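Both chains are given apart, each in its own frame, so use the hints to dock them into the complex.
Note that the protein sequences, when read in sequence, are chains A and B. For the first sequence, this note's numbering assigns the number 1 to the initial residue and increments by one for each residue that follows. For the second sequence, this note's numbering assigns the number 1001 to the initial residue and increments by one for each residue that follows.
Hints listed in this document are in silico derivations from the structure and should not be mistaken for laboratory results. Don't take every hint at face value.
If you want the footprint, here are the derived chain A segments under chain B, 3+ residues with CB under 8 Å [what the hints assert, rightly or not]: (1) 64-75; (2) 90-100; (3) 145-155.
No farther apart than 16 Å at their CA atoms in a straight line, the calculated lysine to aspartate or glutamate pairs in the EDC-like style are these [to be verified]: (4) K165(A) to E1424(B); (5) K165(A) to D1370(B); (6) K1337(B) to E1424(B); (7) K1469(B) to D1311(B); (8) K1234(B) to E1465(B); (9) K1476(B) to D1370(B).
If you're wondering where the values come from, they're calculated on a predicted model, not measured in any experiment. Just so you know, even glycine gets a beta-carbon here, dropped at the ideal spot from N, CA and C.
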Amino acid sequence: MTAETTHHTESVDDDRRNFIHIATGSVALGGAAMFAWAAIDQWNPAADTKAASALDVDVSKVPLGGEIRVLIGGKPFFIRHRTEAEISAAESVNTSILPDPETDAERLRPKADGSFNKAILITSGSCTHLGCVPVGPAQGNTGDFGGWFCPCHGSHYDTSGRIRKGPAPANLPVPNYRWVSDSVVNISL
Amino acid sequence: MSGHESTYTPNSAFERWLDKRLPIIRFANDTMITFPTPKNLNYWYIFGGVLAVCLAVQIITGVILAMHYEASVDGAFASVERIMRDVPFGWLLRYIHSNGASMFFLAVYLHMFRGLYYGSYKAPREVLWIIGCVIYLLMMATAFLGYMLPWGQMSYHGSNVITGLFGAIPLVGESLQTWLMGGPSIGNQTLQRFFSLHYLLPFAIAGAVILHIWALHVPGNTNPTGVEVQDIEKDTVPFHPYYTVKDAFGIVVFLIMFAVFVFYAPDVLGHADNYVEANPLVTPAHIVPEWYLLPFYAILRAITFDLGPIDAKLLGVIFMFASIAVLFVLPWFDTSKVRSMRYRPVARQFFFGFVAVCLLLGWCGAANPDDPVIPALQGEPSLVVNYTVDGAPASSSYVGGHEAYDAAKAFMASLPAAAAPSLEVRPAPAFAFRHLSLILTVMYFGFFAMLFVIGLGEKTKPLPESIHKSVLKAKKAQSGNAVPAE
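With the rest of the complex left out, here is chain B (with noise of 0.2 Å):
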């Protein structure tokens, strides 16, 4: 909190002189060592410190890629193969940076589900909130700008498709998507922008997560059960040694799962498409973002219906950028006065729904749409003899095994040659992942309107008294379970 009073001393008489001067120890010390920090924090909390540790990592290794990676069409696929096979470490490096931003992904959102379950959007904390969703949008431009780099086909074609996002965009669509890719389609002088940008943005994240930072520090830490800090005596301990041994704690059990990605499975979350060079001629079959992004991409697919004068292309664009806006108006559409969900049975329950749309979303992104959810269901493909008559398309289709085939062939051989006949197997209209995907859309949504809904009339379970006494309450059930009462 930035009321509390500073407690540092300078002890030498250098800090007394520099204290006058530039007061950064004292700083430090006030935010970094005695900082008041809710005593109840859990383990959902340290994401912030692992968060931090990404970026960092992310930094220092991408500057060190940036000294042996080319910037050009000819040289950047290249000079990926060489960091991996020549240079000493470079292995190393690029798998330590790759699966970093996995790694990071994987952290906000375990950060973003935290501060949604204990809503820590709710005031004072919105300004915290929509810096944290800014933090968020410039992390995903960043990959996405990191992801062409490599100059793979999934680099070239993947962003084809987002740049193509742009050119739905009426009227100005078309110029914006030729500015930015500064042509008629992606080429150097694209792929070079890119990368300036790549490595220009890390350092935008760091300027925005101090500012986050600073938010966080003015009305101090939210906690699980959401009451205020009233008593810093009572209610909470300097961050320093609690919360850094804690966080520290978290990050090696993170860095150990970061480690085995690198070391055992340093392409699991890639896609082996991207270890072949761009060919603006040839489409990869099946066009995927990153793990992290698909939700988004599910999103985007999952509108394939015009609506009034919007067709589903553009409508698929609005609704996916849509799907990230709505965060930023979050503190607004929760109409709760409860923070935690604790203590919002009814609301926990859409949460948990909340979290499994956005996993299922991922799993349609990753899919075709076309293909059915659970094969099994799946009914029998029929045969489609498709001929035309004065011009006009028409069909007639058989289904059942040989007896079809002969079938078709006979009514195909009867047919005027001009009727142009062509056989065709089509198969039976199924459950596909667009129609999953439309229905969680429907649901992504939802959850938000029903924060908005339930806050209005919910009862809410009784909130404790204040943090301590609800620590002391948990202490005291715990030890009860352990010796039973005479």
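So here's chain A without its partners, still in its complex pose (with noise of 0.2 Å):
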């Protein structure tokens, strides 16, 4: 053993040594790897950052032909309380003509009872468009369909929260809410 070892062969063993580097590289790439997962992902939303994805609001408080604005994460969203021509205007529409076809039915969730309450309509409150927030009626412009105009870009939203009109490409999204009594509901992200 010892003669051989401080013997100098010619010979160099190269699958050994290859297996050295591949084995020491992929240990180094390994460990980067993990590294850069845990570097990655802690952009990813905390967890005390996704706890405040949901909000309780009182929506007895709605003005009629009004609309209230709540943040959840920072995110916008609009709790409109329509007047019955409002109604009535969502309603009618031909859902055949819309870019993005949707009943005013299909934008509203039940109560606990299965009933509906048509007045309160509940949407995200960003622009489908670039996420601007449009503009209502508290603003005084509520575009040519009644609902929301989006200044950015020139968006119109009808009185469901539909796009009209302009570059949007989708209706303004109908959040995840439920009914918790009459008057209030949860509206979570």
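Here is the structure:
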């Protein structure tokens, strides 16, 4: 054994060297990859950020014909108290002419007893085009279709929050929400 | 040129000692003092030096501002106002930093157009050019990140638009956007990471600048003739004092203009909206980026149509990124062997057209896409009655003065209540900024296609034999004018 190790041989065991190179490189790469995972994943929403993603809202305070705007996790939502005329305007539209066809009923969520409160419409408050917040009744501009108007690039939404005209590709999304009582909704992201 | 022999001789015992251990003085001498530089560089070549000064100014003022800035949604806006009002000379440092960004981009655009005109991107300088494009990308990223930090209305909603661009990417877009923002929307966590990166990226730029200068010093500078240096003795002069002095003069003139902005019009390049604290519930009526990103914003908004399965939003994003990506492959787009536009009469016209297209795109980016380009040509608006027939919308329009109004009103009165008629003022169709943007976008990309086509069969003017001969010829022509021949 000692005689062999002290004796210099001309031949080098290439397989053995390659194995050591590849093994060393793999460990280094694997370690770098695992660290990269942590370094990248830390940018995802933190637990407290995710936790702040639901809100109970008392909709009885919303004035008729008006709306309130709430922020959940920094995202805007519209809660609109629609007039009879606005409800009938939303319901009377022929959905086949809509860029993103949806009936007004499909954009409402039932209460615990299965009935609908047509007067309360809840939608996301960011334009589906590039995320601006459209203006509505409180700002004195409801667009060509009586709902909302996005001043950034001119998208018009109707009284059901559906896109009618302009560059936005889709209706204002309806968030996940449920009726906790007759006047309180729980909205979550 | 990296090949040039070092002429440095250490004069003192200390220099000799140091030269054997760390030849840093030799390096400085060879790269900044004796470096052979073409003798015919004009003032378009000063912007490399100007840009180095801009980077230094931004890093120095930025490091100082970071000592007073608070990266939190509750404190950011107030801390910037505190810098402006309470911190000694805070107003000056912040105005230098905010205007410095604009000056930086002004210089980089002149630097890039110079490279485009004199063919600085052609072999053997492709890598030099690509590193320059990387620096430009890093600059745009840094500027975008920095614009969010004051936490004003434009900061917040501008960032919303840009992060929203990533959301347009199919499949991964939404999770990518959430990942970038660190939550369902832009919040405290987003501000903190943007601040961290805004502090980091300038040093990445500084690193890329070192590579850029290294890549410059291998083949050496281009020059207005585009003819390579053939005889170091005749064609070049040492960098110092010839170009240190020329650059210094250019830098002084540039700094005077810089100072005019800082002291006399510090907010002229910004937006008043950004002095209103960010409010996620109120979007400013007109979101626009800073002037230096406007051409790309115009390209983004120029695309309003779907192309097969790709919707308009994604297509706009693709075109916007392609408008930058095309710069990276420019060395292989241009098929001409002649570098300088001086000797390419046809391509030269297209170059000036391209400059105009870029400026006009900037104009479009600042405008409301639906506004008419020439308001004087805008026709009369019409009154439109919108109503529904069996649930389907219908409309009829009326043009004219008060008769039109009376007619529209009478028509509305004649409709049944179920038709829910409403009155609308509709502007006449016009040539709007979004149409102009689309034309200019086509021309922007067309320029690169034309470089490919023109180079294949163009008739160029004769190139001078060498740099020194072209200099002597110009000199002769000049003196010939001053002293008419007998």
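Evaluation of the provided hints:
| no. | hint | in the structure |
| --- | --- | --- |
| 1 | 64-75 | holds (count 6) |
| 2 | 90-100 | holds (count 4) |
| 3 | 145-155 | holds (count 6) |
| 4 | K165(A) to E1424(B) | holds (14 Å) |
| 5 | K165(A) to D1370(B) | holds (13 Å) |
| 6 | K1337(B) to E1424(B) | violated (60 Å) |
| 7 | K1469(B) to D1311(B) | violated (57 Å) |
| 8 | K1234(B) to E1465(B) | holds (13 Å) |
| 9 | K1476(B) to D1370(B) | violated (56 Å) |
This entry does not satisfy hints 6, 7, 9, going by the numbered hints stated previously.
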